[in-house]
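Taking the hints into account, I'd like the entire structure generated from these sequences.
Read in order, the letters of the sequence shown are residues 1 to 166 in the working numbering.
Incorrect hints may have been included.
[To be verified] Result set (PhoX-like, lysine-lysine): computed pairs, CA atoms no more than 20 Å apart in a straight line:
id, residue 1, residue 2
1, Lys-156, Lys-73
2, Lys-145, Lys-156
3, Lys-73, Lys-88
4, Lys-88, Lys-145
Calculated directly from the structure, the hints in this document are not laboratory data.
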Amino acid sequence: MTGSVAGATTSKVMQLITSDSGMNATLQSASMPGPLPVDLIRTQQVSAQNVSVEISDRSQALHYPLLQVYCEKVSNLLEEKFRTFSGKAQMAIEIRHSQDRIDGLEAALACYADAMMQVLDFSRGDWGDGMYYGGGYQAAFSAVKHGGKNFVQSAKVIFEIGVSIN
1 MTGSVAGATT SKVMQLITSD SGMNATLQSA SMPGPLPVDL IRTQQVSAQN VSVEISDRSQ
61 ALHYPLLQVY CEKVSNLLEE KFRTFSGKAQ MAIEIRHSQD RIDGLEAALA CYADAMMQVL
121 DFSRGDWGDG MYYGGGYQAA FSAVKHGGKN FVQSAKVIFE IGVSIN
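Pasting the structure below:
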């Protein structure tokens with residue numbers, strides 16, 4: 001049961017990111033700070049997996065920025081009687097950006113993270129299929145490391161989705 005909840009919530013978040021009102025629409029909007037050179041997100045840059053930077057760099061040909069969506073934790077709190085599952089799924093979206101120079105890397109990553117948080121801000125409410133997002137998230141930024149195109153940095157946005165299914 002928990003595996004199906006994790007997979008279903010991950011699929012919903014992926015649909016949200018790649019939808020017409022998702023990341024690309026937010027990146028193109030006037031509310032984003034400029035004049036940062038921000039590339040649009042292609043479908044192959046969004047994946048449903050939790051893989052470390054070191055492993056993904058060695059095993060795949062990656063295109064940055066890269067978004068990895070995964071479920072970190074599932075909690076069946078039995079909030080509603082007679083439901084098979086009624087609780088929360090803690091989701092994570094890890095945004096990785098890489099470039100050959102360290103200058104501007106952090107600013108570009110912050111732009112992508114801000115866009116993701118704006119997508120979440122505008123997505124509060126019922127997501128269908130027994131899932132809802134009440135709002136709220138946390139963002140954490142890692143230190144710059146060697147990897148990717150030369151330097152890589154990541155931001156992790158964590159939030160909870162309420163789930164109520166039979």
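Verification of the supplied hints:
1. Lys-156 / Lys-73: Cα-Cα ~15 Å, so holds.
2. Lys-145 / Lys-156: Holds - the C-alpha atoms of Lys-156 and Lys-145 are around 15 Å apart, at most 20 Å.
3. Lys-73 / Lys-88: holds (8 Å)
4. Lys-88 / Lys-145: The given pair, whose Cα atoms are some 33 Å apart, is violated under the 20 Å limit.
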